[in-house]
Amino acid sequence: MSDRKFILAKGPYIRRADFGKLNTKTMMRDIIIALMPLMLFAWIKNGILPLANGTDGTNFYTMIRPLLFIILGGGSAYLFEALWYLFFLKEEKIDKNIVKIKPFKKAWDTYGIIPGLMLAMILPVNTPIWVMLLGTLFAIWIGKMIFGGFGYNLFNPALVGYIFVMTAFYGVISGNGGYLNPSETVDIVSGATPLADFKNVLSGAETLESVISTHGGSLWKFFLGIRSGSLAETSALLCIVAYVYLVIKDVIDWKMPLAYVGTVFVISYIVGAFTGYASTLKFALFNVLNGGVMFAAVFMVTEPVTNPRNDFAKIIYAIFIGILTITLRFLSDMPEGASTAILFMNMFTPLMDVSCAKLRVQESLKKRIIGYGIYVLIALAITVFVILKLTL
Amino acid sequence: MFKKIGGIHIGEYDDHKHISDYKEILDFLSPEYIYVPLVESGSICEVRVNEGAHVDIGDVVAFRTGRFALPVHSSISGTVVSCNKKMWHSSGKMVDCIQIKNDFKETRNEESFKKIENPTPDDIKQLAQSKGIVGLGGSGFPTFVKYNVNKKMDYVILNGAECEPFITADYRLMIENAKEILKGLEYIMKAVDAKSGVVAIKKNKTEAIQAINNAITELYLKNVKVLELKDEYPAGYEKYIVQRVTNKTYKALPAEVGCVVNNVSTAFAMYEAVELGKPLIERVVTFTGYGLNNPRNVRIKIGTNVSEVIEKIGSYNTKYNDLFLITGGPMTGATMYSDNVCINRAMGCVLVLPKHEEKATEPCLGCGKCSAICPMNLTPTEIKRVFTIKDTKLLEALKPNKCIQCGLCSYVCPSRIDLTEAVGKAKAFVMKR
Numbered sequence: 053m054s055d056r057k058f059i060l061a062k063g064p065y066i067r068r069a070d071f072g073k074l075n076t077k078t079m080m081r082d083i084i085i086a087l088m089p090l091m092l093f094a095w096i097k098n099g100i101l102p103l104a105n106g107t108d109g110t111n112f113y114t115m116i117r118p119l120l121f122i123i124l125g126g127g128s129a130y131l132f133e134a135l136w137y138l139f140f141l142k143e144e145k146i147d148k149n150i151v152k153i154k155p156f157k158k159a160w161d162t163y164g165i166i167p168g169l170m171l172a173m174i175l176p177v178n179t180p181i182w183v184m185l186l187g188t189l190f191a192i193w194i195g196k197m198i199f200g201g202f203g204y205n206l207f208n209p210a211l212v213g214y215i216f217v218m219t220a221f222y223g224v225i226s227g228n229g230g231y232l233n234p235s236e237t238v239d240i241v242s243g244a245t246p247l248a249d250f251k252n253v254l255s256g257a258e259t260l261e262s263v264i265s266t267h268g269g270s271l272w273k274f275f276l277g278i279r280s281g282s283l284a285e286t287s288a289l290l291c292i293v294a295y296v297y298l299v300i301k302d303v304i305d306w307k308m309p310l311a312y313v314g315t316v317f318v319i320s321y322i323v324g325a326f327t328g329y330a331s332t333l334k335f336a337l338f339n340v341l342n343g344g345v346m347f348a349a350v351f352m353v354t355e356p357v358t359n360p361r362n363d364f365a366k367i368i369y370a371i372f373i374g375i376l377t378i379t380l381r382f383l384s385d386m387p388e389g390a391s392t393a394i395l396f397m398n399m400f401t402p403l404m405d406v407s408c409a410k411l412r413v414q415e416s417l418k419k420r421i422i423g424y425g426i427y428v429l430i431a432l433a434i435t436v437f438v439i440l441k442l443t444l
Numbered sequence: 358m359f360k361k362i363g364g365i366h367i368g369e370y371d372d373h374k375h376i377s378d379y380k381e382i383l384d385f386l387s388p389e390y391i392y393v394p395l396v397e398s399g400s401i402c403e404v405r406v407n408e409g410a411h412v413d414i415g416d417v418v419a420f421r422t423g424r425f426a427l428p429v430h431s432s433i434s435g436t437v438v439s440c441n442k443k444m445w446h447s448s449g450k451m452v453d454c455i456q457i458k459n460d461f462k463e464t465r466n467e468e469s470f471k472k473i474e475n476p477t478p479d480d481i482k483q484l485a486q487s488k489g490i491v492g493l494g495g496s497g498f499p500t501f502v503k504y505n506v507n508k509k510m511d512y513v514i515l516n517g518a519e520c521e522p523f524i525t526a527d528y529r530l531m532i533e534n535a536k537e538i539l540k541g542l543e544y545i546m547k548a549v550d551a552k553s554g555v556v557a558i559k560k561n562k563t564e565a566i567q568a569i570n571n572a573i574t575e576l577y578l579k580n581v582k583v584l585e586l587k588d589e590y591p592a593g594y595e596k597y598i599v600q601r602v603t604n605k606t607y608k609a610l611p612a613e614v615g616c617v618v619n620n621v622s623t624a625f626a627m628y629e630a631v632e633l634g635k636p637l638i639e640r641v642v643t644f645t646g647y648g649l650n651n652p653r654n655v656r657i658k659i660g661t662n663v664s665e666v667i668e669k670i671g672s673y674n675t676k677y678n679d680l681f682l683i684t685g686g687p688m689t690g691a692t693m694y695s696d697n698v699c700i701n702r703a704m705g706c707v708l709v710l711p712k713h714e715e716k717a718t719e720p721c722l723g724c725g726k727c728s729a730i731c732p733m734n735l736t737p738t739e740i741k742r743v744f745t746i747k748d749t750k751l752l753e754a755l756k757p758n759k760c761i762q763c764g765l766c767s768y769v770c771p772s773r774i775d776l777t778e779a780v781g782k783a784k785a786f787v788m789k790r
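First to last, the protein sequences are chains A and B. The working numbering puts the first residue of the first sequence at 53, with every later residue one more than the last. The working numbering puts the first residue of the second sequence at 358, with every later residue one more than the last.
Any given hint might turn out to be false.
What the hints assert, rightly or not - Restricting the straight-line Cα-Cα distance to at most 20 Å, the calculated cross-link-like pairs of lysine to aspartate or glutamate (EDC-like) are:
no.	chain 1	residue 1	chain 2	residue 2
1	A	K410	B	E753
2	A	K154	B	E719
3	A	K73	B	D775
4	A	K57	B	D679
5	A	K145	B	E719
6	A	K152	B	E719
7	A	K62	B	E778
8	B	K462	B	D384
9	A	K145	B	D775
10	A	K410	B	D748
11	A	K158	B	E719
12	B	K547	B	E474
13	A	K73	B	D748
14	B	K450	B	E403
15	B	K442	A	D55
Unchecked claim - Stretch by stretch, here's where chain B covers chain A in the computed footprint (C-beta under 8 Å, at least three residues):
no.	stretch
16	64-70
17	75-87
18	201-211
19	348-360
What the hints assert, rightly or not - Facing chain B, from chain A, some residues (calculated, C-beta under 10 Å):
no.	residue
20	K57
21	D161
22	F364
23	V413
Source of the hints: derived by calculation from the structure; they are not laboratory data. Keep in mind that this is a model prediction, so the values were computed, not measured. Virtual Cβ for every residue (Gly too), placed ideally from N, Cα, C.
The following block holds chain A by itself, in its conformation from the complex (with noise of 0.2 Å):
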């Protein structure tokens, strides 16, 4: 008989996360790592080329511009989550101990920075500083924090800083610049990006070949992102590329992005058919290609703490923001329909979470049928109000 004792504890024994293959920190470094490329496109399109072409007006500030607004917008998230933990929860409970906050240490551990990056590259190219300061604060504050911080917020923090600008300060964006860096301001006269010339499209004023021709001349330009827009999310090639990268590194689930980009695909090719390019794609590859729709698949629809943790609803939820952004970018005054369509939706996911997973451990068939085509039916009607609407 031994007299050795030994530590209890609750299974499994091992981890996955413990390996250092898949934890918290690896999937949060993963997806700044995928966000690189797309900035490093952002700096050179925006600031290095126009410097290196010569382009009127440009200057070394210029040049760096770009980079140093996504870096700032990093960092002032970082500072603004250090804040609120400085001022306002100074006291976090850890297994039923009271435990005083470091804030410095918690907001780098609480990946605050994401969100700011993500604000940084999804704002038009120029956003005055400061205007961009004030939406990292909100999304700090208003969109994550409030709620609880990391994990529990409801809404996707960078694009409430995201909706927050553009509402409030929209006139002050374009009054600076707008959606067009230097070279682009030469180049192309009217308008501001392919996505707010093609309301002349939907209303008849324009035909899509032309709105294709004065900004770039094909599609293909628009896949690579040499286009105008907002400051890193043009290029649809690196969006696949770290889309690729994180479901290699199995950070996001593959499913979501394809679904949402496909639903866009399809519904707006049916729309456009409706509208007299029925027998192009270039309508359809025309809007996944253009405005978040690409960056929106890849770093947006699949932001872990706001899509529903359940299987089947992921996927559900991503083909309902691929139906919205359609609506809005449709139906809406504003030119970008992704944003708003996900917001919108993340206001869902807590009750697709509680359905699905109803549903899909429901036995009877017929339950389950009734259940599935509740939501199909949604998105039908939706649909067809989108069509009704732009052809009657």
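Given the structure of chain A, go ahead and fit chain B onto it with the hints provided.
For chain B alone, kept in the frame of chain A given last:
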């Protein structure tokens, strides 16, 4: 809705089988004492001997009561020291045990070792009961109950998947005793009148597949084949294997779709029971983990004290002060407070792990990996949340009672949340109502 049960690939070296799988099974058949626990799978066992009495190998010392009555045999010869010795049990509680002191004379009770020449199917079913055969894969479910089926079975499936990390007992047994296992399979097929037999092995265990295939050719078995399973956890889950073989799912028992599923070590025990007349008194247990100096598989007498075996095979690694002692696998096992644990019939693994660095649990990230991985289609995060707010009606709709407690949700959670524990609590809460 029909869904293929999925799993997760636990990497080649992350499953830690390499630390024990190359060593031969060591025989340790002369323990000083054995302890026969008086509880098995929740049923009480009646004592059949008195204190001070002499017992031979194969004497029935206890009898499992309840629906599935089953004898418990003494695995050594000697004297009964006590009938209510408290010992730790793999259930995590202290239970009464019959303590028997070994006299090392190895005298046998020939009545218990009686065998039947040319057994009929009914004889085999009878032997499975009288020799005290239970499922050696970890359930401890009496084997004869599985054979008492009214209709003709299509398949007898031997489960050699052993999908939990660290455990290698079945793997070694398949390599060293492939022929005996297949003979056991033949007897089981005869007992339930099955057309064909299947041995399910994970496809990365090439040596075991090789050994079984060789034995199949040697014994000229035409209707037995090897099924290669994916290298993932829980590939050894009964429903998963039956689904792979028959493409059908069942509700409670595999007999519903014409299958009998046994562990390979159970088939080996059946071989010993029918061919040699030996009751279930020995089994192979994996002693493994980084807390041991010499992790390996040991064939022990059932009832041996774990601490005695660990002393015998080379004691604990002195590098670590704080150790976990886990009975069962790393995913589903239970930690023990002491190493004075009696090895019962259903225990297949003793795992000693150094205490890992305690990392804080982070808030739920909402990635949904737990829900994507769950083989039973549950949504662990929702169950945990609803259980905390005690919404009974909603909790029942989420069906936590379907949980098989495989531990995958906690395993994959990037924030290290104890989801399995939470779902287990919710399951107990729902089952009680």
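Here is what the structure says about each hint:
1. A:K410 - B:E753: This hinted pair holds, its Cα atoms lying about 9 Å apart.
2. A:K154 - B:E719: 16 Å, holds
3. A:K73 - B:D775: 18 Å, holds
4. A:K57 - B:D679: The given pair, whose Cα atoms are some 9 Å apart, holds under the 20 Å limit.
5. A:K145 - B:E719: Roughly 12 Å between the alpha carbons, so the hint for K145 (chain A) and E719 (chain B) holds.
6. A:K152 - B:E719: Roughly 16 Å separates the two Cα atoms, so the pair holds.
7. A:K62 - B:E778: Measuring from Cα to Cα gives roughly 7 Å; hence the hint holds.
8. B:K462 - B:D384: 17 Å, holds
9. A:K145 - B:D775: OK: K145 (chain A) and D775 (chain B) at ~17 Å, within 20 Å.
10. A:K410 - B:D748: Distance of about 14 Å is within 20 Å: holds.
11. A:K158 - B:E719: Given pair K158 (chain A), E719 (chain B) holds - Cα atoms ~12 Å apart, limit 20 Å.
12. B:K547 - B:E474: Measuring from Cα to Cα gives roughly 14 Å; hence the hint holds.
13. A:K73 - B:D748: 36 Å, violated
14. B:K450 - B:E403: This hinted pair holds, its Cα atoms lying about 19 Å apart.
15. B:K442 - A:D55: OK: K442 (chain B) and D55 (chain A) at ~16 Å, within 20 Å.
16. 64-70: Result for this restraint: holds, n = 7.
17. 75-87: Answer holds; 4 residues pass the 8 Å Cβ test.
18. 201-211: holds (count 4)
19. 348-360: With 5 residues close enough to chain B, the hint holds.
20. K57: Holds, about 6 Å.
21. D161: Holds - the Cβ of D161 (chain A) comes within 10 Å of chain B, reaching about 8 Å at its closest.
22. F364: Hint holds; F364 (chain A) Cβ to chain B Cβ min 9 Å, cut 10 Å.
23. V413: With Cβ-Cβ at 4 Å, under 10 Å, it holds.
Going down the numbered hints, you'll see the structure goes against just number 13.
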